[in-house]
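Protein chains: 2
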Amino acid sequence: MSDHINHLSAGVIRTDLPMSDGRTIRYYDQGHITRSAVDTREKEERPGLGELRLDPLTNEWTAIAAHRQTRVFLPPKELCPLCATKPGLISEIPDKAYQVVVFDNKSPSFADPGESFSLPKWAGLKTKNGQSAGKCEVICFTDNHETSFHQLDEDQIRIVMEAWRDRTRELSKEKHIAHIAPFENRGEEVGVTLSHPHGQIYAYPFLPPRTEKMYRAAKKFYKETGKILLEEIIKREVKDGVRIVAQNDHWIAYVPFAARYPFEIHVAPKKSVADLAALSDAQADSYPAIAKEVLQRLDGVFGIEMAYIAAWHQAPVRKGRDVMRLHWQITSIRRAPGKLKYLAGSESAFGAFIMDLKPEQSAQQLRDVRLPKNR
Amino acid sequence: MSDHINHLSAGVIRTDLPMSDGRTIRYYDQGHITRSAVDTREKEERPGLGELRLDPLTNEWTAIAAHRQTRVFLPPKELCPLCATKPGLISEIPDKAYQVVVFDNKSPSFADPGESFSLPKWAGLKTKNGQSAGKCEVICFTDNHETSFHQLDEDQIRIVMEAWRDRTRELSKEKHIAHIAPFENRGEEVGVTLSHPHGQIYAYPFLPPRTEKMYRAAKKFYKETGKILLEEIIKREVKDGVRIVAQNDHWIAYVPFAARYPFEIHVAPKKSVADLAALSDAQADSYPAIAKEVLQRLDGVFGIEMAYIAAWHQAPVRKGRDVMRLHWQITSIRRAPGKLKYLAGSESAFGAFIMDLKPEQSAQQLRDVRLPKNR
Chain A
2 MSDHINHLSA GVIRTDLPMS DGRTIRYYDQ GHITRSAVDT REKEERPGLG
52 ELRLDPLTNE WTAIAAHRQT RVFLPPKELC PLCATKPGLI SEIPDKAYQV
102 VVFDNKSPSF ADPGESFSLP KWAGLKTKNG QSAGKCEVIC FTDNHETSFH
152 QLDEDQIRIV MEAWRDRTRE LSKEKHIAHI APFENRGEEV GVTLSHPHGQ
202 IYAYPFLPPR TEKMYRAAKK FYKETGKILL EEIIKREVKD GVRIVAQNDH
252 WIAYVPFAAR YPFEIHVAPK KSVADLAALS DAQADSYPAI AKEVLQRLDG
302 VFGIEMAYIA AWHQAPVRKG RDVMRLHWQI TSIRRAPGKL KYLAGSESAF
352 GAFIMDLKPE QSAQQLRDVR LPKNR
Chain B
2 MSDHINHLSA GVIRTDLPMS DGRTIRYYDQ GHITRSAVDT REKEERPGLG
52 ELRLDPLTNE WTAIAAHRQT RVFLPPKELC PLCATKPGLI SEIPDKAYQV
102 VVFDNKSPSF ADPGESFSLP KWAGLKTKNG QSAGKCEVIC FTDNHETSFH
152 QLDEDQIRIV MEAWRDRTRE LSKEKHIAHI APFENRGEEV GVTLSHPHGQ
202 IYAYPFLPPR TEKMYRAAKK FYKETGKILL EEIIKREVKD GVRIVAQNDH
252 WIAYVPFAAR YPFEIHVAPK KSVADLAALS DAQADSYPAI AKEVLQRLDG
302 VFGIEMAYIA AWHQAPVRKG RDVMRLHWQI TSIRRAPGKL KYLAGSESAF
352 GAFIMDLKPE QSAQQLRDVR LPKNR
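Residue numbers (this note's numbering), protein chains in the order written: chain A, 2 to 376; chain B, 2 to 376.
Hints are supplied without guarantee of correctness; some may be wrong.
[Stated by the list, open to error] Taking CB as the label site, the calculated pair distances span:
(1) A:Arg42 - B:Pro82: 40 to 46 Å
(2) A:Asp323 - B:Tyr223: 29 to 35 Å
(3) B:Gly23 - A:Asp241: 33 to 39 Å
(4) B:Gly125 - A:Asp250: 24 to 30 Å
(5) B:Thr194 - A:Pro19: 20 to 26 Å
(6) B:Ala337 - A:Ser119: 32 to 38 Å
(7) B:Ala337 - A:Leu341: 20 to 26 Å
[What the hints assert, rightly or not] Cut-off 25 Å, straight-line C-alpha distance, at most; resulting in silico cross-link-like pairs (BS3-like, lysine-lysine):
(8) B:Lys122 - A:Lys236
(9) B:Lys272 - A:Lys240
(10) A:Lys127 - B:Lys129
(11) A:Lys122 - A:Lys214
(12) B:Lys236 - A:Lys122
(13) A:Lys107 - A:Lys122
(14) A:Lys220 - A:Lys340
(15) A:Lys228 - B:Lys129
[What the hints assert, rightly or not] To give an idea of the interface, some chain B residues facing chain A are shown, with a C-beta separation under 8 Å as derived from the structure:
(16) Thr59
(17) Lys240
(18) Ala259
(19) Ala312
The hints are simulated quantities; they were obtained by calculation from the structure and are not laboratory data.
Each residue gets a CB set at the ideal place from its N, CA and C atoms; glycine is no exception.
Work out the full structure, taking the sequences as your base and the hints as a guide.
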């Protein structure tokens with residue numbers, strides 16, 4: 002068994018251990034903890050690589066991952082595969098306690114293609130199918146099943162941030178990976194199948210369509226103005242003021258000018274950087290405070306747990322690094338207690354978003370939330 | 002009171018009547034029926050025009066329609082605003098019975114801007130806000146509250162088709178309208194707020210992002226091959242055979258090669274046309290049979306009512322008419338009884354679709370459905 006130890010920022014140590022089916026689990030710990038727990042499960046066969054098919058109507062890739070249909074759906078707490086292993090439960094995490102772990106997804110949409118991957122060239126309807134090359138990882142924010150991301154203390158979120166930075170740095174080295182996308186889905190309303198606080202890291206072999214669009218917009222803006230789009234967006238938000246939700250020394254959070262969801266918050270470092278790996282330690286250190294505040298404000302609007310998708314948008318691995326900048330987009334489809342915004346005909350079939358709420362109004366609602374005293 | 006009568010195909014007559022708040026209702030009838038029922042409701046003020054804001058991160062317009070937040074949500078049958086007016090209920094339809102009606106949406110996302118509309122030019126972050134110019138109409142497929150589109154008889158669906166053609170023809174004349182999008186949302190799972198069988202017709206002042214993408218793909222394909230993309234797609238489907246779900250003399254239905262949803266069916270005329278208005282009468286006459294079959298197969302897969310979005314994609318009003326072709330896309334997020342496909346991080350934040358089911362497999366499941374004898 003080979004284990005591997007890395008010293009990262011903020012006193013975080015990463016220990017890599019093999020899982021029984023050949024996957025890797027990475028423990029991220031603050032303090033000197035020796036990790037050596039062995040995955041005692043039977044060796045299982047890993048699912049094969051899925052297919053990429055080109056949708057000729059839009060020239061977008063669809064990933065076909067037929068093996069995912071059977072994945073676990075909201076198991077009871079006693080059977081949670083993201084809890085630490087304990088008597089009666091052998092979970093995905095062999096050790097009996099952990100701080101933060103990242104392991105390879107058991108049913109990945111994208112996986113290692115081996116050596117010789119390249120994406121098929123566009124040839125109209127004759128475009129060959131590709132392989133779903135890439136990587137899908139699961140990040141467990143804590144071993145406490147009963148909490149949520151924004152209830153973690155700041156030190157704990159700092160370890161999560163260090164794990165995101167480390168994964169971005171490491172996955173960027175893989176030749177077949179074009180874009181790295183850490184995100185968290187929260188709430189059954191957005192299809193979460195495991196309630197344990199966790200996120201995912203998708204590493205795509207192509208620029209995802211929305212990232213491609215953001216790249217084109219940033220490039221066009223740079224070409225016409227010589228300026229970095231996200232920096233100018235933040236300047237406008239600061240000037241307008243009315244959509245700012247929170248800020249601290251290093252970060253600013255705002256409802257974007259043309260928000261597409263009833264509650265949408267973008268959180269960006271004040272000094273712009275290309276990706277998570279490029280954040281300074283000072284920036285990384287002050288992220289936990291704004292992350293907690295923003296998500297607590299979101300839950301505070303209606304006094305209920307809000308379903309959300311929180312996604313890190315960063316510069317792609319190999320292009321656009323001079324024009325695209327890191328920010329964290331939180332979108333919630335909750336427009337009122339008992340009412341969701343659905344992506345129906347206009348949004349889903351035609352891609353045109355209709356917003357029922359003015360961004361200035363939702364920003365006001367978010368600012369008006371009284372934060373809990375014991376944060 | 003001015004009423005207005007138009008003779009359309011298939012013996013359908015359209016009668017326009019004013020509603021009390023200045024909107025128009027259009028009755029589409031087969032046979033000689035005189036429509037003159039008066040809308041007796043108090044005159045109500047119409048909501049103002051919403052705002053279009055440019056999302057600089059993607060250069061897409063978001064429509065802000067703050068007045069829609071209060072719209073009616075799943076009223077009981079006795080209060081259904083889409084039923085015909087009856088003792089105790091004054092609905093949106095003044096007459097006491099109807100075949101098919103189309104009326105202007107009470108809470109439209111897009112509305113008539115008056116004379117002088119033009120979309121603001123792109124100027125980066127300085128792009129001015131636009132007006133939500135356009136049109137939103139509601140189409141009631143029947144006055145029977147308790148049925149669904151595919152349970153209607155073929156004559157009735159033929160009237161619906163005639164109404165779609167007529168609306169496309171008429172809305173295409175409006176200078177501020179760039180694209181016409183008839184669609185039906187079915188099922189609470191996709192956010193339907195009224196269970197009465199009905200659809201919507203959105204007329205946008207811009208090309209919706211997905212339409213724009215389809216336009217670019219069709220143009221690129223034509224430029225490089227000299228061929229019409231949808232015609233070649235259908236040739237491939239015919240050649241492959243395995244994804245075909247149904248066909249008749251004039252229409253073909255298939256699960257597309259790179260389907261994005263667990264159940265997705267595209268239905269296209271065998272002889273391609275640009276839009277609904279350009280369909281021949283023979284094509285229009287044979288649409289009801291394939292529409293019924295395809296939707297019955299969809300409901301038959303799990304023996305439950307499937308939530309779906311069914312959208313007509315057609316050539317935009319003023320561009321791409323030489324390369325874009327009419328087809329009807331039905332997408333369902335139901336992947337199994339009790340299981341929905343959610344658009345979470347990968348799809349929603351990054352636009353990259355993951356499919357859990359091979360298109361060939363869902364096509365087989367759809368073909369295997371035994372259709373009801375009494376259709």
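Comparing the hints with the structure gives:
1. A:Arg42 - B:Pro82: 40 to 46 Å: violated, 57 Å
2. A:Asp323 - B:Tyr223: 29 to 35 Å: Holds, since Asp323 (chain A) and Tyr223 (chain B) (Cβ atoms, about 34 Å apart) stay within the stated range.
3. B:Gly23 - A:Asp241: 33 to 39 Å: The hint (33 to 39 Å, Cβ to Cβ) holds, given that Gly23 (chain B) and Asp241 (chain A) are roughly 36 Å apart.
4. B:Gly125 - A:Asp250: 24 to 30 Å: holds, 29 Å
5. B:Thr194 - A:Pro19: 20 to 26 Å: The hint (20 to 26 Å, Cβ to Cβ) is violated, given that Thr194 (chain B) and Pro19 (chain A) are roughly 52 Å apart.
6. B:Ala337 - A:Ser119: 32 to 38 Å: holds, 35 Å
7. B:Ala337 - A:Leu341: 20 to 26 Å: For Ala337 (chain B) and Leu341 (chain A) the Cβ distance comes to about 21 Å; the hint holds.
8. B:Lys122 - A:Lys236: At roughly 22 Å apart (the allowed maximum being 25 Å), Lys236 (chain A) and Lys122 (chain B) satisfy the hint.
9. B:Lys272 - A:Lys240: Roughly 55 Å between the alpha carbons, so the hint for Lys272 (chain B) and Lys240 (chain A) is violated.
10. A:Lys127 - B:Lys129: Measuring from Cα to Cα gives roughly 42 Å; hence the hint is violated.
11. A:Lys122 - A:Lys214: holds, 19 Å
12. B:Lys236 - A:Lys122: holds, 22 Å
13. A:Lys107 - A:Lys122: With a Cα-Cα distance of about 29 Å, the restraint between Lys107 (chain A) and Lys122 (chain A) is violated, given a limit of 25 Å.
14. A:Lys220 - A:Lys340: violated, 38 Å
15. A:Lys228 - B:Lys129: OK: Lys228 (chain A) and Lys129 (chain B) at ~19 Å, within 25 Å.
16. Thr59: holds, 5 Å
17. Lys240: violated, 10 Å
18. Ala259: holds, 4 Å
19. Ala312: Cβ of Ala312 (chain B) sits 4 Å from chain A, so the hint holds.
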